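K.L.:
Taking the hints as your guide, dock the two standalone chains into a single complex.
As you go down the protein sequences, you meet chains A and B in turn.
Note that the numbering used here gives residue 324 to position 324 of the first sequence, counting from 1, and the numbers run on in steps of one.
Note that the numbering used here gives residue 224 to position 224 of the second sequence, counting from 1, and the numbers run on in steps of one.
Hints are computed from structural coordinates only; laboratory data are not their basis.
This structure is a prediction, so every number in the text was calculated from the model and none was measured.
Yeah, the Cβ is synthetic: ideal placement off N, Cα and C, and Gly gets one too.
Misleading hints may appear alongside valid ones.
Claimed, not checked - Derived DEER-like restraints, expressed as beta-carbon distance ranges: (1) G40/B <-> D94/A: 43 to 49 Å; (2) S162/A <-> I144/B: 34 to 40 Å; (3) G266/B <-> D94/A: 52 to 58 Å; (4) K235/B <-> S162/A: 26 to 32 Å; (5) D94/A <-> L303/B: 21 to 27 Å; (6) L299/B <-> L167/A: 56 to 62 Å; (7) W227/B <-> D182/A: 34 to 40 Å; (8) A148/B <-> D94/A: 40 to 46 Å; (9) A29/B <-> E107/A: 56 to 62 Å; (10) R103/A <-> K267/B: 53 to 59 Å.
Said to hold, decoys possible - Below, computed lysine to aspartate or glutamate pairings styled on EDC-like, alpha-carbon distance capped at 20 Å: (11) K181/A <-> D28/A; (12) K104/A <-> E116/A; (13) K235/B <-> D94/A; (14) K54/A <-> E210/B; (15) K177/A <-> E361/A; (16) K30/A <-> E159/A; (17) K113/A <-> E124/A; (18) K30/A <-> E151/A; (19) K74/A <-> E210/B.
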Amino acid sequence: MVEVSLERVTKRFGRVVALDQVSLVFEDGKFTALLGPSGSGKTTLLYIIAGIYKPTSGRIYFGGEDVTDLPPNKRNVGLVFQNYALYPHMTVYDNIAFPLRLRKLPESKIDRKVREVAKMLRIEELLDRYPSQLSGGQQQRVALARALVKEPTVLLLDEPLSNLDALLRVSIRAELKRLQKDLGITTIYVTHDQAEALSMADTVVVIDRGRVQQVDTPQNIYNRPRNLFVATFIGSPPANVLYARLTEKNPSLACVEVNKARFCFEGERAARLSRLGGEEVVLAFRPERARLGTEPRSDMLSIPAEVYVVETLGRENVVTLVVGASMVKVVTPPSQVPRLGESYYVLVDPRDVMLFDPVTELNIDYIEA
Amino acid sequence: MARLALRRARAEARAAERVMGDVETLRSARRAYLLAAVLGAASLPMVLLYLLLVLSSFADTIVTGPDILEARYSLDNWLMFFRGEVAPAAGRLYTTADILATIANTAIVALGVTAVVVFTSVLAGYAFSRMRFRWRRGLMTFIILLHAFPGVALIIAVYAMYVWSSMPLARSEGAMVAYAFAFTVLARASLELPMSIWLMKGFFDRIPWEVEWSALIDGASRLRAWWQIVLPQVKPGIAALAIFAFLAGWEDLIYVHVFLYIGTAGKVKTLATLIEELTANIETSYLPVVAAAGTLYLLPTILFFVLTQKLLLEAYSGGLKA
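Excised from the complex, chain B in its bound form (with noise of 0.2 Å):
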């Protein structure tokens, strides 16, 4: 008897949960579309741009409108671009370049600032979540205002120090492609830190203090309920947080373009790098090529974004629901 009139309690609580969700509006149809019109017309200028590009990397021509119905399809642009036919050049027809070794490079920035990004800003987001030290506060609003400032604006400084910093190394070349692969990374990484950082201290913000009680009372150290009980219930969070920093590396020119490309002499390209040496010339470059190099370096970000939308719109507004 009891466990029936428990049942049917139970029953009704989750039934008012049900109704009571949402403040009840009554939604009227033709507001729904009309807002759905005016946002699906906002935003294709930007679709269609993107369509344009893909489409023209297997054109025979940038296509820009009309000319979609005129234009002839192939791989052959791709085909090009992955044997490193992409620049014509006086006396040849193409100058060669090495596009495995390019996109190579293209993931070691990206994979290195991921690495270095999420290694920080776990540790430092836990700490500033979970511990009580001196100057905690002012630190993390110090952090906030460094996130503040664009990283153009701090690039001569960083260049200096680059420089400086570099010339112990010049007279190896192997040293200094490694060196400025390492400073690459790292100052872009730090660009990224702040924000990260701040990710993560909300999304450790969210677990219960008892819960990792409970492990140190199981007879857990810290260390070890950081790792096995903690860290386990932010996996979201470091995922949503290595996207982010992956595609930042991926994607970055200013900083690639000064300390990779210039520390290098040329010689260490990305696909950023390479995309803006190939449009250099825009008279003489042949145009569907690049666009294919274009294609390839938006698809990481396209893909993140179709394939963990939720997980990213969840990142942005604090966290993860339990």
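Isolated chain A, as found in the complex (with noise of 0.2 Å):
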């Protein structure tokens, strides 16, 4: 069990840059998850800790170890891929005692951890049929027990759960996270699901166009995204993104106006809109943080919209509004089904708005001074 860490790690294919710069550590023993949207260098990102790329420039780190120029056959990584990549032309069983035969273990001390890690993941029944003969998920255990037989140091687990039905993914994404607590071992999950990244990781790492954009827990970066990407790339539906103006710049009073709505900050908030450079701020809310109301209210940013779509989901019913040139989108109680051409005011408590500069796309909280 170690901790990886990367510094400043740039990969280019040709002329284009998949990675850039990275800078990352991931904790001894805990669940790292790294999301982004597909071509966003997260894939590329496990493959240079994998040793199946070499990073451009920068190092890696395996403890206090530079694993940099080491081949993968050096490294002691586990690695589940998106398709499994069993050897079809082995059992099940010489597939998880593949790793340890070129240890040149005795064959006694295999076949011991082989059944060990068999029973674990609850696939001892499996171990005599062939690769092809097995379902998804099937598969995918036994490919999860060919990563852990050699006990490596990361675990790595490239989209593990995205070839599986929607069922069994909920179901396995529970095990998984069970079985890396009680493992103990560094864990680096790539995931373009959001669900997956939240629910199971530690601490999440959001990463698009090869640049890290947050490294946080998962409540921080649904709470407190610290730029436009990760608010509006995080959540389901994603947050409403709406450009407003600013009307007053004062330290202790800053006023913003998106669609003849006019609503003032004060304090802290006051103070970091007021050291914004132009007159324009984004404003950011959560779906499920907004309400539906027929009157506007003094303590809440009150947009006036007009429903333009009503999407009904049992649970709860989406509402699109239409406001000025955007859309946003409201997540209303079932009781509450608005109807079409209907004009509300989309109500949001002040301390649910997120403020982002519109030029370097930041969230206000996190400029620094």
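P.N.:
Now the structure itself:
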């Protein structure tokens, strides 16, 4: 068990920069999720840790040891690929035993270890089968067993659940989290599914276009996104974004205007807003933190809007409204089903309003004075 | 409950797959019969000719049609053939030839070509499929271009190479024979190589990179990953390749004639050059025995194609399904 750290790792494929000066620390024994849209560089990062790719520049450390120049077979990592990559010509037993045979362990010891890990993952009765005779969920367990049997210093998982059906995915999610906690093995998990990342990980690393956007706990990633990308990438539906004009810029009182609705912030927020360069600010709020009201309220941001579409989901309704030239989504309780074309006020508590600098797209709460 | 729903979902997915397997067109039975009749008629002459050859090898004359019923059938031709009594000559009834040696020579050439082709194209196919090096694309185009040259067009230049390179060996007959074999095998194999390398590359292309990476991460060296993980998965490809190469070597006439037959002044014969020799004097040769030789010559082809039809079809259509 070690801590994995990256120091200004850059990877170029020809002219494409897949990773740009990434510095990260994956804590010892923790479950870290690498979350990003496709093409963000998260799998490249995982392959660099595994040693499949060499970084163009930068260093990689396992514990104190510099492994940048070590080939994958000298790093002792366990990796589960998205397509599992089982050896089709070997039985499940031989698949799991393969890493141990390469270490030239005595056959009796290999047998003991294979059966041990097979029991842990409940695939004992599959040992004589071939990978093509297994279901997706079983293949995934075998791949995990093969990765764990060699007691790796780091466990790397590349979208291991994306090939499974929805129900299975949810049940394996919980199991995987429990397994990681029991084994206490440093785990890095690549996914584009925010639900997986937020539900399983101790720490979430949001990555986009080869750059780290935010490293934080799932709670903070959700509630205090560092920039506009994180705010609009996380959440289902994601945060609403509105451009507002700054009409008043005093350190004690700062006012914004959006679609003829005016709201003033005081205190710390006002001070931060007053330091912004331009006359604009980006407002964002989560659909489930807003309400629909028929009257404006003075203690809340109250934006006049017109109902555009209503999606009824049973547990809740997602209402899409037109605000000037933009659309916002609001989650309403099942009892409140607005009709098309009705006018409402979108009400948001000022504490739930996130404010971003339109130029740097940074959350103003994170801007250093 | 959840498990039950899951099972049902899977069953439905499988059923959908079955239904969506093919475009559902209306098949007319009459059209199918008509198509079968046309194709059957088109291939009838070929099948008939082979059948007549096989029949003639057991008959006392070359059967060509209605005389099938008049000819007398026995194993005499085959016995004579294996005793080496193949060509009638003045004074004696038959000149003898060492048939077992001839078959052995044919096998040496065929197996030699197979070995060279399999060894080279498995390595080259892997390199072209998996490794990035300078001139990779250019070299691949160049190789397929070589495939366009017929072997006959190259034979003068290759013969010049043969004469020039074999000069130092001219004094020792044994060395000369060994060299003739080696040269024939290499020259014939190089005609097969372009296609084989491309075929093999196709097979390697089908193995996902992740499987090979997995082996590396499990602690294997590149060589071991290739040997233990990648190679077993292209076995069907290697088998198809080996069959093609074996048949090419077994059946070859031109290269065997020029380098092995002429190169050793007629001392080393293969089945192809033996039949060529026997039919050279068509007036005097006893053709039913030649028919036996011809049948033996064709045997591997027929056997391989009957036994491995499916495999060869898949090899030609670009590799095997996982």
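K.L.:
Hints first: check each against the structure and report whether it holds.
P.N.:
Comparing the hints with the structure gives:
no., hint, result
1, G40/B <-> D94/A: 43 to 49 Å, "holds (48 Å)"
2, S162/A <-> I144/B: 34 to 40 Å, "holds (38 Å)"
3, G266/B <-> D94/A: 52 to 58 Å, "holds (55 Å)"
4, K235/B <-> S162/A: 26 to 32 Å, "holds (31 Å)"
5, D94/A <-> L303/B: 21 to 27 Å, "violated (34 Å)"
6, L299/B <-> L167/A: 56 to 62 Å, "holds (58 Å)"
7, W227/B <-> D182/A: 34 to 40 Å, "holds (36 Å)"
8, A148/B <-> D94/A: 40 to 46 Å, "holds (44 Å)"
9, A29/B <-> E107/A: 56 to 62 Å, "holds (60 Å)"
10, R103/A <-> K267/B: 53 to 59 Å, "holds (57 Å)"
11, K181/A <-> D28/A, "holds (12 Å)"
12, K104/A <-> E116/A, "holds (18 Å)"
13, K235/B <-> D94/A, "holds (19 Å)"
14, K54/A <-> E210/B, "holds (16 Å)"
15, K177/A <-> E361/A, "violated (33 Å)"
16, K30/A <-> E159/A, "holds (18 Å)"
17, K113/A <-> E124/A, "holds (12 Å)"
18, K30/A <-> E151/A, "holds (16 Å)"
19, K74/A <-> E210/B, "holds (18 Å)"
The structure fails hints 5, 15 (numbered hints given earlier, in ascending order).
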